[in-house]
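Enquirer: Just so you know, the protein sequences line up as chains A and B, in that order. The working numbering puts the first sequence at residues 1 to 451. The working numbering puts the second sequence at residues 1001 to 1451.
Hints listed in this document are in silico derivations from the structure and should not be mistaken for laboratory results. Any given hint could turn out to be false.
Stated by the list, open to error - Which residues of chain A face chain B? A partial, calculated answer using Cβ under 7 Å:
no.: 1; residue: 65
no.: 2; residue: 156
no.: 3; residue: 158
no.: 4; residue: 283
no.: 5; residue: 309
no.: 6; residue: 316
no.: 7; residue: 334
no.: 8; residue: 366
no.: 9; residue: 374
Unchecked claim - Calculated pairs, EDC-like style, for lysine to aspartate or glutamate (alpha carbon to alpha carbon, straight line, at most 20 Å):
no.: 10; chain 1: A; residue 1: 196; chain 2: A; residue 2: 253
no.: 11; chain 1: B; residue 1: 1243; chain 2: B; residue 2: 1092
no.: 12; chain 1: B; residue 1: 1243; chain 2: A; residue 2: 102
no.: 13; chain 1: A; residue 1: 261; chain 2: B; residue 2: 1255
no.: 14; chain 1: A; residue 1: 346; chain 2: B; residue 2: 1032
no.: 15; chain 1: A; residue 1: 4; chain 2: B; residue 2: 1219
no.: 16; chain 1: B; residue 1: 1261; chain 2: B; residue 2: 1129
no.: 17; chain 1: B; residue 1: 1346; chain 2: A; residue 2: 63
Stated by the list, open to error - Coverage of chain B stretches by chain A, computed from C-beta distances (three or more under 8 Å per stretch; other residues unrestricted):
no.: 18; region: 1018 to 1031
no.: 19; region: 1258 to 1272
no.: 20; region: 1314 to 1328
no.: 21; region: 1339 to 1345
Backbone N, C-alpha and C define an ideal beta-carbon position, used for all residues, glycine too.
Protein chains: 2
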Amino acid sequence: MSEKPWETMIDLARKASRERLEEYVDSLSSADTAWAIERLDVEERREVLAAMAPEAAAELIEEVPDAQSAELIESLETAEAAAILNVLPSADQADLIAELEDPQAEAVLAAMDPEEARGARLLGQYPPDVAGGIMVTEFLAFPEDRAIGEVLDELRRNAMQYSDYDVQYVYITSAAGELVGVLRLRDVVLAGAERKVTEVMLSSPLSVRIDTPLQSLVEFFNDHAFFGVPVVLEDGRLVGVVKRSATRQAMTEQEVGDHLKVVGIVGGEELRSMSTLIRSRRRLSWLSVNILLNIAAASVIALYQDTLAQVIALAVFLPIISDMSGCSGNQAVAVSMRELSLGVVKPFEVLHVAAKEGIVGVVNGMVLGVLLSLAGLLYTGNPYLGAVVGAALAMNTVVAVLIGGTVPLLLRSRGLDPALASGPILTTVTDMCGFFLTLSMASLLLERLAA
Amino acid sequence: MSEKPWETMIDLARKASRERLEEYVDSLSSADTAWAIERLDVEERREVLAAMAPEAAAELIEEVPDAQSAELIESLETAEAAAILNVLPSADQADLIAELEDPQAEAVLAAMDPEEARGARLLGQYPPDVAGGIMVTEFLAFPEDRAIGEVLDELRRNAMQYSDYDVQYVYITSAAGELVGVLRLRDVVLAGAERKVTEVMLSSPLSVRIDTPLQSLVEFFNDHAFFGVPVVLEDGRLVGVVKRSATRQAMTEQEVGDHLKVVGIVGGEELRSMSTLIRSRRRLSWLSVNILLNIAAASVIALYQDTLAQVIALAVFLPIISDMSGCSGNQAVAVSMRELSLGVVKPFEVLHVAAKEGIVGVVNGMVLGVLLSLAGLLYTGNPYLGAVVGAALAMNTVVAVLIGGTVPLLLRSRGLDPALASGPILTTVTDMCGFFLTLSMASLLLERLAA
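Please construct the entire structure, taking both the sequences and the accompanying hints into account.
Expert: Next up, the structure:
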């Protein structure tokens, strides 16, 4: 194998040897496929996909990370994109179309198989954090007047097609399309062929409404050992199935997105194959807010310029106090975000969290304060200066963990996004407070410090 | 329902009304169960678990987050812990026993059912990032001389017991226990009862060795649409099954652990129900390293004390330059960690990443530099001061993204943990560099600045 799979890929695409290209892509691990796609430019990606059969191209698109899939579909002509989307599972269709700009999305939907386009439009109405946004519309349903043997025959006849469906359950519907029962594949095996499905099925099966939020779906699968749950409309009509694996994946994606937002990767996942303009603009949108907040916080220092002029050594310690308070606060933010996502703390339990953080803040503040006061003493030989910077850090550590621990809860209970806003709020407030504590104490002890 | 489920729980436990307690716990959502456990102290947790049947207690333990499960088992007497562990799936047994201190672990293993203990010991030998550490030892295996009808009969007879196994596949073994074939449940349904399993089974099935790393298992399931893969020893004997869902969960746990480490939650997940001592000690182990690095970085400021004394305004800008460079660098760290975990960048591609980051660094550095130089000008009225702090931030932004982008790759390629070390390395180097750039330029332009 070549060291550079993208070179082999584009080479085979240009030689128009469809079979060898498809075989080669198939032979790559999914990580190597993603790696290769990452290194192709937009035009080369189009060439590679266009050189493959739609089914093979669809497999490639399912294999790579979501951010890449979206870029791949964007790079295609309408007809090419439609041909590939036609053979993708319904949930992927909707996700990818949602990533396209409106005119391209409309054109692609118009060029798709009408049946597939209808499914994609239906799913496209729901955001990725409700049942409608993560369900699939491929499932097996049989009318309630059938016998088990008929179900078995149908399964046998279409074994090939249904093998794509991850069949675990067969749903039984009324003449109006309402869900009335569910058969586990296991039950189909164990029951006699002559029995009616209504005798064997589990009747009044559990189902979820199409607007059920992701968090409730996770709860549902925690409480029930099912592989999937049927999704119904208000009138009880069966329209899809949410799989256990899909909810877990959606939660993971949400969690990964949160972690990226915390450190300032906003507006969606960044891959370095994206254009410099997009990468720069997204990062700056977060950095520029932060620099303004930073300037505001540092203006506290400007208020104490006279004190600083007399005790220049303080300038060495201000960045340390700012950075260490930020570190302590971020630990508390991380624990709060994690506890919120595990459900072991509720957004209204601000006082509980403050008490639990306060005690850790006092202990850690004292230890860090002693360390910094020793550094201050060693560096200046002045025990008062050591005491001032140590005490300021100790107190500010308590402030930082209190803010870091409670702000995510306060933001969440107001419906705001803790991943995005906790960090900037934390650093601004703790910086201001840390600078104020250090410099106001120094002003009070100015005679001792300037001596 | 009471507002405080932990009060109801401990109440029912103390009234020794096992049935009502079990019903109540069963009625709670898994998040509320975790919430309640979080609020009980060690002794109360023991009371609750001891008041439940081992099967019900095991269900509770499977439901709550891993960090809580471990604490729950620790809180129990040997016999109580053994009774609950006996009824847990093998993978959970091993995970929980691994969390116990050695003497308790040995005592619990000795008190367990010998068969269960043997399985737990086997799995306990493997870390959670190889097949042996995440496989289950509950699976269905039949000798190769059986007929399909016999398999079906056996499935029917033990339908209840096997329903716990998530049966998707039936494995066929030789007399020596070697894996020779696999039957999908679907195939069992579709084939006639009189046929031999060897005629229907897929022979030479894919399997993985017990020491296969997690990353390869993820690749395996990306490349093959299976629900599980059989795990074999060196000699080909079948010992377990790794499920697709288990690899995904293990990856998610690794990713969550990485994100916690990045912000300084080290030594395992922290829940606020843990003792203050443990929480404080773990957080301090990371903070104390950071404060030393911070002091080292700030010592650069001390070298330029004379410059600072003449241009006090610089003290306002040093924390801003430190913080903003850290922000820019952390964005680059996050993108690199994410690209590494997606496989779209390889650890040796340092130059590629440096090129991609460098260009973003130049653009963002210029924008941020202009903003900061305007702030400098507005604040001091001195355009030279604005130019110095702006130029320093611009240059240091490039340094920060280069270090942030490449350090995770360099650490990974040396087998070190990028999640743990990237942050401290980044902030130390960028702080030193930022302070040096600002203060050395200021020293060169001292006449203009002090004017």
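Enquirer: Taking the hints in turn, state whether each one holds.
Expert: Do the hints match the structure? See the list:
1. 65: 5 Å, holds
2. 156: With a minimum Cβ separation of about 5 Å from chain B (threshold 7 Å), the hint on residue 156/A holds.
3. 158: Since the shortest Cβ distance to chain B is 11 Å, the answer is violated.
4. 283: At 5 Å from the nearest chain B Cβ, residue 283/A passes the 7 Å test, so the hint holds.
5. 309: Given a least distance of 5 Å, the restraint on residue 309/A holds.
6. 316: With a closest approach of 5 Å, the residue 316/A hint holds.
7. 334: 5 Å, holds
8. 366: 10 Å, violated
9. 374: 10 Å, violated
10. 196/A <-> 253/A: Distance ~42 Å between residue 196/A and residue 253/A Cα, so the pair is violated.
11. 1243/B <-> 1092/B: Roughly 14 Å separates the two Cα atoms, so the pair holds.
12. 1243/B <-> 102/A: 40 Å, violated
13. 261/A <-> 1255/B: Holds, at roughly 15 Å.
14. 346/A <-> 1032/B: Cα-Cα ~10 Å, so holds.
15. 4/A <-> 1219/B: Distance ~19 Å between residue 4/A and residue 1219/B Cα, so the pair holds.
16. 1261/B <-> 1129/B: Distance of about 17 Å is within 20 Å: holds.
17. 1346/B <-> 63/A: 18 Å, holds
18. 1018 to 1031: holds (count 3)
19. 1258 to 1272: Coverage by chain A holds for the region 1258 to 1272 of chain B (10 residues, Cβ < 8 Å).
20. 1314 to 1328: n = 13 at 8 Å, threshold three: holds.
21. 1339 to 1345: The restraint on the region 1339 to 1345 of chain B holds, since 5 of its residues have a Cβ under 8 Å from chain A and three suffice.
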